[in-house]
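Asker: Work out the full structure, taking the sequences as your base and the hints as a guide.
What follows is the residue order along each chain.
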Amino acid sequence: MSDKIETKKVKFKVFRFNADTDYLPKYEDYEMEVTSEEVMLDILNRIKFNHDGSFSYRRSCRHGICGACAMKVNGRSTLACKERMFDLIDLFGDELTIEPLSIKRAVKDLVIDKKDFWDKHNAVNPYVVADIDEEPESENIVSPEEAEQLLDADYCIQCGACHYACPVIEINEEFFGPAAFAAAYRFSADVRDSDDERLKTVNEMGQGVWDCVKCFECAEACPKDVNPIEKITKLHQMAFKEGIAENNVAVRHAVGFEKSMAKRGVLDEGGLVLYSEGLGIVKHIPVALKMFRKGKIPLPWNIPTSENMDEIQKLMKSSSTVKF
Amino acid sequence: MSKLRYALFTGCTAKQSTPEQYMSTMAVAKKLGIELVELVEASCCGASHLQDYDEFLSLVLNARNIAYAEKHGLTMVTICNTCQLNISMTKHKLDKDPELKAKVNEKLAEVGLEYKGTSQIIHFLYAIIDDIGLDKIREMVVRPLSQFNIAPFYGCHNIRPSELQNETHKTAESPYNPTSLDDLIIACGGESVDYEEKNKCCGFHVELQAPKTAAVLTGNAIAGAMDNNADMMVTPCPLCHLKLDTQAEHAGEAIGRELDMPVLHMQQMVGLALGCDPKELGLEHHVVDVNFV
Ligand code: SF4
Ligand code: SF4
Ligand code: FES
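If you read the sequences in order, they're chains A and B. Under our numbering, the first sequence has 135 at position 135, and the numbering climbs by one with no breaks. Under our numbering, the second sequence has 1070 at position 70, and the numbering climbs by one with no breaks.
One should not assume that every hint holds.
Here chain B is said to cover these stretches of chain A; the calculated rule only asks that three of the stretch's residues, wherever they fall, bring their Cβ under 8 Å from a Cβ of chain B [as the list claims (entries may be wrong)]:
#1 6–19
#2 31–44
#3 166–172
#4 202–214
#5 250–258
#6 294–303
#7 311–319
Hint data in this document are derived by calculation from the structure and do not stem from the laboratory. Where a beta carbon is used, it is the ideal one built from N, C-alpha and C, also for glycine.
Answerer: Written out as structure tokens, the structure reads:
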């Protein structure tokens, strides 16, 4: 095997910053031969051991299980101990920029302050809430089928890769973010759980699932294939199933699709905005006027309708599984 | 080469808020000798919002959409990233889960249809690259866009989730370093602009419920293109287009900057390079004037 080890030359730009002493971060350049056997963490170690002992980053298990070593390479979140160097070179070429998960939260080099991540995680009651019989007579068995309902949400290692890849986190400080939602799903989908606060908490506007832009960044970022956006979709569905979805603009926007499709098959775009917003429609008038002038808003009698509408209506009756 | 034929899923916006996208799709298809059979029976794809409300219903309706493409024996072409996501996601789910497929087909049987799983679903951008080829485009260009810096805006739902997307087309694409649209810009003779936001989100899906988030994302994208000397942006997604074009003023207010950036649909860019009449491309339907033509 050993004669098969290949090497490639890579230029690294490494983020350096000490919140105690520096006003601004700087990037240190290193050129290194990288072997096909190495992962990103090996490179971080080589920088620390061979070049600069003050270089700081978190790592513990080096087996992709503690979540400590999450960082970014060329803007892409990853676990340093899991990411093979040659895969990175295939993807980005031979210039790699090494940065913390969140530059804004950098404390020292790649070490960040993850307080917001933990606060949000804790806000969704990330544990099973249940009345426990203190002296049980039998085991509390969860069947394999019931465990499968968690959809692997329990694989999360709280590394924060998805959280700091989520664009909404940077704009809306209240937003819980993908990891907290994945945790919320993990416990709300657990048959033993009886918490009725959690689902309401994650359905509140501003902080909750309705503010997710559906960009799928979290699904790409997660090193454990937790697929947080899938769980976010499930949380939306649970809100309707459990009857806790509130009558607000976001919920009406979802329900409005069904209403509109039942009428025309295709969407009546203007009608959807009107149904979702109610009186709030007035704030859209200036843009709507501009659009109308450019022929972007058809008059009511010109809105298209799908052919074979009877089929669509029949299917909507027979296949609908939710009421609002 | 025999004539390329596809079943066209237009989606809702092409017939309402982005008529120029429908027009330019038709014009480009004609130039490229592609025959598009429009799926006039199709319903809305649900745009991920119906999926949030009633997943099973969304699967049945999208399976019906696909069933019509199958009836024609054609690959389905979509012209919207979000349509592409929701319809290919439906196919993915039904093809890997026979039990679910049977349940969906039980419903479709009520209207005499069946989902078989025989049609592929591919976004027009990738159909052009995979089936026509960039070389052919390069050959056919009569009006190279050589004086323009063009910023590609990929749109989330064509590049993520990558696993799903990469099963629909041959062009290998990484969401972290996508190249298809850059390559197409270059094939059309333009200069492709590299900027941080090119593979980021425009915020469209929370426009109503989280207007600030939506506006900042759009603003950042346009500002990123401007700061890297783009003369225009180009996108394969009509929803991104709606954000970048019709909401630019709001977006500018949200990030405290004046934004001015013409935005083309991918089809319009290709159409211009191939020598289509600008009128056929519907350029007058933009809110931000396309004044360089
Ligand atoms: S899909 Fe939603 S939660 Fe995931 S990264 Fe995007 S906005 Fe954040
Ligand atoms: S969901 Fe994945 S990326 Fe997010 S914290 Fe958990 S393991 Fe990390
Ligand atoms: S060191 Fe534990 S996950 Fe990488």
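Asker: Taking the hints in turn, state whether each one holds.
Answerer: Outcome of the hint check:
no.: 1; hint: 6–19; verdict: violated (count 0)
no.: 2; hint: 31–44; verdict: violated (count 0)
no.: 3; hint: 166–172; verdict: holds (count 4)
no.: 4; hint: 202–214; verdict: holds (count 7)
no.: 5; hint: 250–258; verdict: holds (count 7)
no.: 6; hint: 294–303; verdict: holds (count 6)
no.: 7; hint: 311–319; verdict: holds (count 7)
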